[in-house]
Amino acid sequence: MGADKTSLVDTFPKLLLVNAGRRANRPAIREKEFGIWHTWTWSQVLDEIRPFSIGLAELGVQRDDKVAIIGSNKPRLYWTMCAAQALGAIPVPVYQDSVADEMAYVLEHAGARVAVVENQEQVDKLLSISERLPSLSYIIYDEERGLRDYDAARVKSFASVQELGRAASAKLKGQNWEKEIARGKGSDIAVILYTSGTTGKPKGVMLTYESTIVSSRNANVFDGLTEKEEVIAYLPMAWVGDHIFSYAQSYVAGFCVNCPESPETVVEDRREIGTTYAFAPPRIYENLLTLTMVRMEDASAFKRRMFHYFINHARKWGEKILNRESVPLHARLIYSLGEIIVYGPLKNRYGLSRIRVAYTAGEAIGPEIFRFYRSLGINLKQLYGQTEASVYITAQPDGEIYADTVGKPNIEVEVKVADNGEVLFRSPGVFVGYYKEPEKTAEVKTADGWVRTGDAGFFDPKTGHLKIIDRAKDVGRLKDGTLFAPKYIENKLKFYPNIKEAVALGDKSDFVTVMLNIDLVAVGSWAERNNVVYGSYQELAAHPQVYEMLTAHVDEVNRSLAQEGPMAGAQIKRFLILHKELDADDGELTRTQKVRRGFIAERYAPLAEGLYSGAKEVDLSIEVTFEDGRKGNITGRVKIRDMQRHPAADSAATIGKAA
Amino acid sequence: MRAPSGANVAAGEVLLAAQNISLAFGGVKALTDVSFDIRKGEIRAIIGPNGAGKTSMLNVINGFYHPQKGTITYKGAPRDNMRPYRAAELGIARTFQNVALFRGMSTLDNVMAGRTLQMNKSFFWQCLRFGPAMQEEVEHRRRVEQIIDFLEIPHIRRVPVGRLPYGLQKRVELGRALAMEPELLLLDEPMAGMNLEEKEDMCRFIIDVNNQFGTTIALIEHDMGVVMDLSDRVVVLDYGRKIADATPNEVKQDKTVIDAYLGLPH
Numbered sequence: 001m002g003a004d005k006t007s008l009v010d011t012f013p014k015l016l017l018v019n020a021g022r023r024a025n026r027p028a029i030r031e032k033e034f035g036i037w038h039t040w041t042w043s044q045v046l047d048e049i050r051p052f053s054i055g056l057a058e059l060g061v062q063r064d065d066k067v068a069i070i071g072s073n074k075p076r077l078y079w080t081m082c083a084a085q086a087l088g089a090i091p092v093p094v095y096q097d098s099v100a101d102e103m104a105y106v107l108e109h110a111g112a113r114v115a116v117v118e119n120q121e122q123v124d125k126l127l128s129i130s131e132r133l134p135s136l137s138y139i140i141y142d143e144e145r146g147l148r149d150y151d152a153a154r155v156k157s158f159a160s161v162q163e164l165g166r167a168a169s170a171k172l173k174g175q176n177w178e179k180e181i182a183r184g185k186g187s188d189i190a191v192i193l194y195t196s197g198t199t200g201k202p203k204g205v206m207l208t209y210e211s212t213i214v215s216s217r218n219a220n221v222f223d224g225l226t227e228k229e230e231v232i233a234y235l236p237m238a239w240v241g242d243h244i245f246s247y248a249q250s251y252v253a254g255f256c257v258n259c260p261e262s263p264e265t266v267v268e269d270r271r272e273i274g275t276t277y278a279f280a281p282p283r284i285y286e287n288l289l290t291l292t293m294v295r296m297e298d299a300s301a302f303k304r305r306m307f308h309y310f311i312n313h314a315r316k317w318g319e320k321i322l323n324r325e326s327v328p329l330h331a332r333l334i335y336s337l338g339e340i341i342v343y344g345p346l347k348n349r350y351g352l353s354r355i356r357v358a359y360t361a362g363e364a365i366g367p368e369i370f371r372f373y374r375s376l377g378i379n380l381k382q383l384y385g386q387t388e389a390s391v392y393i394t395a396q397p398d399g400e401i402y403a404d405t406v407g408k409p410n411i412e413v414e415v416k417v418a419d420n421g422e423v424l425f426r427s428p429g430v431f432v433g434y435y436k437e438p439e440k441t442a443e444v445k446t447a448d449g450w451v452r453t454g455d456a457g458f459f460d461p462k463t464g465h466l467k468i469i470d471r472a473k474d475v476g477r478l479k480d481g482t483l484f485a486p487k488y489i490e491n492k493l494k495f496y497p498n499i500k501e502a503v504a505l506g507d508k509s510d511f512v513t514v515m516l517n518i519d520l521v522a523v524g525s526w527a528e529r530n531n532v533v534y535g536s537y538q539e540l541a542a543h544p545q546v547y548e549m550l551t552a553h554v555d556e557v558n559r560s561l562a563q564e565g566p567m568a569g570a571q572i573k574r575f576l577i578l579h580k581e582l583d584a585d586d587g588e589l590t591r592t593q594k595v596r597r598g599f600i601a602e603r604y605a606p607l608a609e610g611l612y613s614g615a616k617e618v619d620l621s622i623e624v625t626f627e628d629g630r631k632g633n634i635t636g637r638v639k640i641r642d643m644q645r646h647p648a649a650d651s652a653a654t655i656g657k658a659a
Numbered sequence: 001m002r003a004p005s006g007a008n009v010a011a012g013e014v015l016l017a018a019q020n021i022s023l024a025f026g027g028v029k030a031l032t033d034v035s036f037d038i039r040k041g042e043i044r045a046i047i048g049p050n051g052a053g054k055t056s057m058l059n060v061i062n063g064f065y066h067p068q069k070g071t072i073t074y075k076g077a078p079r080d081n082m083r084p085y086r087a088a089e090l091g092i093a094r095t096f097q098n099v100a101l102f103r104g105m106s107t108l109d110n111v112m113a114g115r116t117l118q119m120n121k122s123f124f125w126q127c128l129r130f131g132p133a134m135q136e137e138v139e140h141r142r143r144v145e146q147i148i149d150f151l152e153i154p155h156i157r158r159v160p161v162g163r164l165p166y167g168l169q170k171r172v173e174l175g176r177a178l179a180m181e182p183e184l185l186l187l188d189e190p191m192a193g194m195n196l197e198e199k200e201d202m203c204r205f206i207i208d209v210n211n212q213f214g215t216t217i218a219l220i221e222h223d224m225g226v227v228m229d230l231s232d233r234v235v236v237l238d239y240g241r242k243i244a245d246a247t248p249n250e251v252k253q254d255k256t257v258i259d260a261y262l263g264l265p266h
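The listed protein sequences correspond, in order, to chains A and B.
Straight run, no breaks: the first sequence in the working numbering ends on number 659.
Straight run, no breaks: the second sequence in the working numbering ends on number 266.
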């Protein structure tokens, strides 16, 4: 199999034909249903896709038509992607939990001809908006339940479309199917993925076969993935990550994708499969860890002591062993004993016994959590990607793992940092453009192929890795020109369990200040253990000992900022602890629990002034909304602490230069 | 949720008929001269204020109580001195007002318990990990898994039911009743103590059971909205007497029913 031959295989349907020949009896996809795993080999997958694809053609689907795919990760929905692509049609996966109105926008914008959906819930949703979707002629469903009495002319079952295809190919029409596949080229649009769009309407990112296949191939090379991998597909199909991990990389490498029984059974299903390659956003790792710690609290004293002994040992040596550094023999011996008694069973619980590579991405992960998994011997790494890049921009190579970087540029990816701190990239995975929105495409894509990510970052002078600090539009500068990335500082603070929220101020000011919110659960239990008496949140927040504790945290953050080149100048000079918990009901947080920095700065203007005026204390009265809608006032005196600044680590600090 | 299909079941065949049922515990008259019927394929609601005799009526139907007077005709055959296990054999399953599950057993085992009646291989074979009993078990497990899938509870398959929230326990109980593949399903306050979302889920399951398996359902319920949406016909009891028997809309406008619910003196 020379490289020249594989390069001719430039679309997913062609890859399917190759896999069905070369890996005919290897598992391609599994689904757990009725408590049992069902497996389809590559040749069986071809036998499923082929009639469905011909059936779609019989229903009138043609080249460049859009086929919407709505539902959770199910084999038939993945097959639909390839079936549509075989006809030259373009699959458009849609987030299945979007409300009807959002869905209507996407389907209308894409002009979907056919929608292939999971179940009655989605069919009902589509029927409720059908007058807005004149181009949608058929709805095809996977699960039959509750759909027997629907209008069969418009709403069809997956199996009935396959029947249609089988009947048609019996009449020799099937010959054309392979010809249709051969007509596909690498430069064709393979898929349109709508970005969930935190601001404004979602945009349809068009990716070609070339960009997805080359990106996937490079990613497979980067992590040495083979046809033997097992992955579990549980993240939304409309998200680029799942599209690349569970579809593109699987077709390119020929590995097996496992579809869980239901979204609630993922942990259990992962355990049964034993995935070798995994991806999850940080909160999933956080939840697993919290669950473990909570369960351990309920375990017997002996087990608990054993657990903590070995976990502490792993904290000390585990990462070094994973990174193949030199470790004394006795530490290795204890570690291998721990592997048998604690780490192994724990990994088995997580379904990570056989894991080779696990990624976390999307947002910053707490260094403690990150190290915990690595210390158990799980090769957890970070990557940075975007829909516009077919995922991969940077990733951490094996052996070069840091909790706070996102790694080095992937194979064939170029990355640079603009003067305003924004990260730009150029790669074979770059998207063609936003569907029907050339002006928006022009905003992010330069003439010579660079794409603006909208994220600000810098290359860490010590490791050469990229660090993402914030959204570019939120990044400001201090009066002396130092880069000020509020979210980066806030995240560092929020990794301390005692700090629930942090708001960093400093744009166009002389120095950085922060307002903190204590975490009532963590600080409350600390107070209980240390006999600190308090009557209210306000009293606890103002307690001198709490201030002491948080001063230590802020100092640690300053120390770590001092180590980080361009960020050294953005150390925290003054901070205060708010006397009230930030709350979405008061408009201080968004409904997704993100701080609304601008609003808070206005609402707490006296505090903000105090932070910069040098005052030691500020009196403040704030209107609050109670849960039942009544309004009231919280009045209080808030103390402000001054902090020591640490000297910057090296002279590269002021430059913030790119590789 | 759906338009009551009263018109087409009204002409349907009678599955169970109660004639002039009277039941007393000592001096307390729980039911007095109650007659009504349940037709094949319908959802029949039994409503009434507290203490009206609704649960007693269900207990009479599945043979737990024996009325002093009156007869129950099931599938055309009159019966007397019915025992609950005999009712179960004849295809009558029920759930209870207060959940009655095996709390220490998993969801799967609880639902499997609903199939005990259909398992008939001898103790000898059941001791072996091969042979006819094993095949039987596999077949029953397949059916049970379909029910688990149907009720969307695969994630709690292995969880002891005692650890489950109340709404899910109710669903497991429905699953156990369904495992019997009953012809007549008696539900005693299936939505009691549930929040709105759980109620909506339960309604959907009841409709799906009725639609997909063609199971006839008799249910007791306090939530009027639920009754009006779900049922084809409603029988109203008050102080052990039948005061109305009609479609939900008619019952809603019935003067005696309104009085009974508002607590007018008798």
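Rather than coming from a laboratory, the hints here were simulated on the basis of the structure.
Be aware that one or more of the hints could be misleading.
[Stated by the list, open to error] Chain B side only, calculated, beta carbon under 8 Å to chain A, not exhaustive: (1) K29; (2) D33; (3) E139; (4) Q146; (5) D149; (6) P154; (7) R157.
Glycine is no exception: its CB is placed at the ideal position from the N, C-alpha and C atoms.
Each hint, compared with the structure:
Among the interface hints, the one on K29 of chain B is violated; its C-beta lies about 43 Å from the nearest C-beta in chain A, farther than the 8 Å criterion. With a cut of 8 Å, the hint placing D33 of chain B at the interface with chain A is violated, because the nearest CB-to-CB distance is about 40 Å. Checking E139 of chain B against chain A by beta carbon gives a least distance of about 12 Å; that is not within 8 Å, so the hint is violated. Interface restraint check for Q146 of chain B: the shortest CB-CB distance to chain A comes to about 6 Å, inside 8 Å, so the restraint holds.
Evaluation of the D149 of chain B hint against chain A yields a held restraint, the C-beta minimum of about 6 Å falling below 8 Å. The criterion of a C-beta within 8 Å of any C-beta in chain A is met by P154 of chain B, whose closest approach is roughly 5 Å, and the hint holds. Checking R157 of chain B against chain A: minimum C-beta separation of about 7 Å stays under 8 Å; hint holds.
Going through the hint list in order, the structure does not satisfy hints 1, 2 and 3.
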